[in-house]
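*Asks:* Please construct the entire structure, taking both the sequences and the accompanying hints into account.
My numbering numbers the first residue of the sequence shown as 1 and each following residue consecutively.
These aren't lab readings, by the way, just hints derived from the structure by calculation.
Incorrect hints may have been included.
To be verified - Pairwise CB distance ranges, derived in the manner of DEER restraints: (1) 30 to 69: 20 to 26 Å; (2) 42 to 80: 28 to 34 Å; (3) 79 to 42: 27 to 33 Å; (4) 79 to 43: 15 to 21 Å; (5) 1 to 75: 25 to 31 Å; (6) 20 to 44: 29 to 35 Å; (7) 70 to 4: 25 to 31 Å; (8) 48 to 16: 20 to 26 Å; (9) 37 to 58: 15 to 21 Å; (10) 80 to 47: 26 to 32 Å; (11) 76 to 33: 18 to 24 Å; (12) 66 to 4: 17 to 23 Å; (13) 29 to 77: 25 to 31 Å.
What the hints assert, rightly or not - Simulated crosslink set (DSBU-like; lysine-lysine; CA at most 30 Å straight-line): (14) 79 to 10; (15) 10 to 72; (16) 31 to 10; (17) 10 to 27; (18) 72 to 2; (19) 72 to 27; (20) 27 to 79; (21) 79 to 31; (22) 31 to 2; (23) 79 to 2; (24) 2 to 27; (25) 72 to 31.
Remember, predicted model here, so these are calculated numbers, not experimental data.
Heads up, the beta-carbon is just placed ideally off N, CA and C, and yes, glycines get one too.
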Amino acid sequence: MKAVIPLAGKGTRLRPHTHHTPKPLLKVAGKPVLAFILDDLLELGVTEVVFIVGHLRDTMREWIEAEYPRIKSQFVQEKVQDGT
Numbered sequence: 001m002k003a004v005i006p007l008a009g010k011g012t013r014l015r016p017h018t019h020h021t022p023k024p025l026l027k028v029a030g031k032p033v034l035a036f037i038l039d040d041l042l043e044l045g046v047t048e049v050v051f052i053v054g055h056l057r058d059t060m061r062e063w064i065e066a067e068y069p070r071i072k073s074q075f076v077q078e079k080v081q082d083g084t
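*Replies:* This is how it looks when you write it as structure tokens:
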């Protein structure tokens, strides 16, 4: 099963926390928000995820590949960010 997760936002309302850390990697209860989502998707049988990335995309990609190597990941860069 596949999933698509939009992660391209800049997280401007969470600044200064998001200047160097992508919003999905901010921790809640000691764990990045994205980890909660990916753990749930794995439990549901998702094996492939398309991540729509933008702001701090390299940081996001490195974290995902290091923490979730068993997920087949594809990264698509959002060229134009139109806002929420």
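*Asks:* For the pair supplied as a hint, residue 72 and residue 31, is the alpha-carbon distance within the 30 Å limit?
*Replies:* Distance of about 21 Å is within 30 Å: holds.
*Asks:* With a cut-off of 30 Å on the C-alpha distance, tell me whether residue 31 and residue 10 pass.
*Replies:* holds, 20 Å
*Asks:* Check whether the Cα positions of residue 72 and residue 27 lie no farther apart than 30 Å.
*Replies:* Holds, because 23 Å separates the two Cα atoms, which is no more than 30 Å.
*Asks:* For the hint 25 to 31 Å, verify it against the beta carbon of residue 29 and that of residue 77.
*Replies:* Holds, since residue 29 and residue 77 (Cβ atoms, about 30 Å apart) stay within the stated range.
*Asks:* With a cut-off of 30 Å on the C-alpha distance, tell me whether residue 72 and residue 2 pass.
*Replies:* holds, 9 Å
*Asks:* Take the C-alpha atoms of residue 10 and residue 27, compute the straight-line distance between them, and say whether it is at most 30 Å.
*Replies:* holds, 16 Å
*Asks:* Can you tell me whether the CB distance of residue 30 to residue 69 sits inside 20 to 26 Å?
*Replies:* At roughly 21 Å between Cβ atoms, residue 69 and residue 30 fall inside 20 to 26 Å, so the hint holds.
*Asks:* Between residue 10 and residue 72, is the straight-line Cα distance small enough, at 30 Å or below?
*Replies:* holds, 25 Å
*Asks:* With 29 to 35 Å as the target window, see if residue 20 and residue 44 comply at their CB atoms.
*Replies:* holds, 31 Å
*Asks:* Could one say that the CB atoms of residue 76 and residue 33 fall in the range 18 to 24 Å?
*Replies:* holds, 20 Å
*Asks:* Next pair to validate is residue 79 with residue 10; report whether the Cα-Cα distance is within 30 Å.
*Replies:* holds, 13 Å
*Asks:* Does 15 to 21 Å hold as the CB distance between residue 37 and residue 58, or does it fail?
*Replies:* holds, 20 Å
The structure fails hints 4, 5, 7 and 8 (numbered hints given earlier, in ascending order).
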